[in-house]
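Residue numbers (the working numbering), protein chains in the order written: chain C, 1 to 116; chain H, 1 to 119.
Calculated from the structure, these hints are not laboratory results.
You may find that some hints are simply not true.
Dumping the calculated SDA-like pairs for lysine to any residue here, alpha-carbon to alpha-carbon at most 25 Å [what the hints assert, rightly or not]:
| no. | chain 1 | residue 1 | chain 2 | residue 2 |
| --- | --- | --- | --- | --- |
| 1 | H | K70 | H | E59 |
| 2 | H | K38 | C | Y106 |
| 3 | H | K38 | C | M15 |
| 4 | H | K3 | C | H103 |
Heads up, incomplete: computed chain C residues facing chain H, CB under 10 Å, no partners named [stated by the list, open to error]:
| no. | residue |
| --- | --- |
| 5 | F49 |
| 6 | I55 |
| 7 | V101 |
Using N, Cα and C, we set each Cβ at its ideal position, and we do this for glycine too.
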Amino acid sequence: DAGVIQSPRHEVTEMGQEVTLRCKPISGHNSLFWYRQTMMRGLELLIYFNNNVPIDDSGMPEDRFSAKMPNASFSTLKIQPSEPRDSAVYFCASSLALGGVSHEQYFGPGTRLTVT
Amino acid sequence: AQKVTQAQTEISVVEKEDVTLDCVYETRDTTYYLFWYKQPPSGELVFLIRRNSFDEQNEISGRYSWNFQKSTSSFNFTITASQVVDSAVYFCALSEARAGGTSYGKLTFGQGTILTVHP
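The following block holds chain C by itself, in its conformation from the complex (with noise of 0.2 Å):
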């Protein structure tokens, strides 16, 4: 079975460009998270989605940021204009939330970002 997959695995841009992560969920998953995992900060929820709707999105950064789910397999991560800043490992997951059954989450392999 297909895990979550993330594209790309590496990006490297240089500051003031657009940068797009793309995320194709588990099929059958109804909830979909966006993490930035840094050393200084660990690892942080940005954004997540349920049912393709964004519920939180109190983790993205500033207004640079923005997610979208246009469908149940698809999601993207915009950042624009980027910055040095944003330099990270950020990943995607995906879960099966029903009720009040909190089910696991599944991660892709995420994306580095270098911006330069």
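With chain C's structure known, arrange chain H on it following the hints.
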């Protein structure tokens, strides 16, 4: 507010030693779930286990075992006879608390414990 504390930032052991990673959590919910994840040097986050708050039975999977104690709000993870391949960052996580018992699957993660197993 939900909180997960992994007090051990780094642990270093020699191969074949047993090692226990501590996890203490805070929640007001009566129904919740606890998780452990492993992040090896390759970077991916790998799900290891999920336990619900009503099941306090210890779980064993090969060299891995988990001890859940509601009385102390702890969910500790023990690796028996550690191996070099166990070297990784280990994260403990707690499911969100939501009114009405619904869940979107959001997790609160601890800061992680870096485990290094030396040959």
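Evaluation of the provided hints:
1. H:K70 / H:E59: holds, 15 Å
2. H:K38 / C:Y106: holds, 12 Å
3. H:K38 / C:M15: violated, 32 Å
4. H:K3 / C:H103: holds, 19 Å
5. F49: holds, 9 Å
6. I55: The hint holds - C:I55 has a Cβ within 10 Å of chain H, the shortest such distance being about 5 Å.
7. V101: holds, 6 Å
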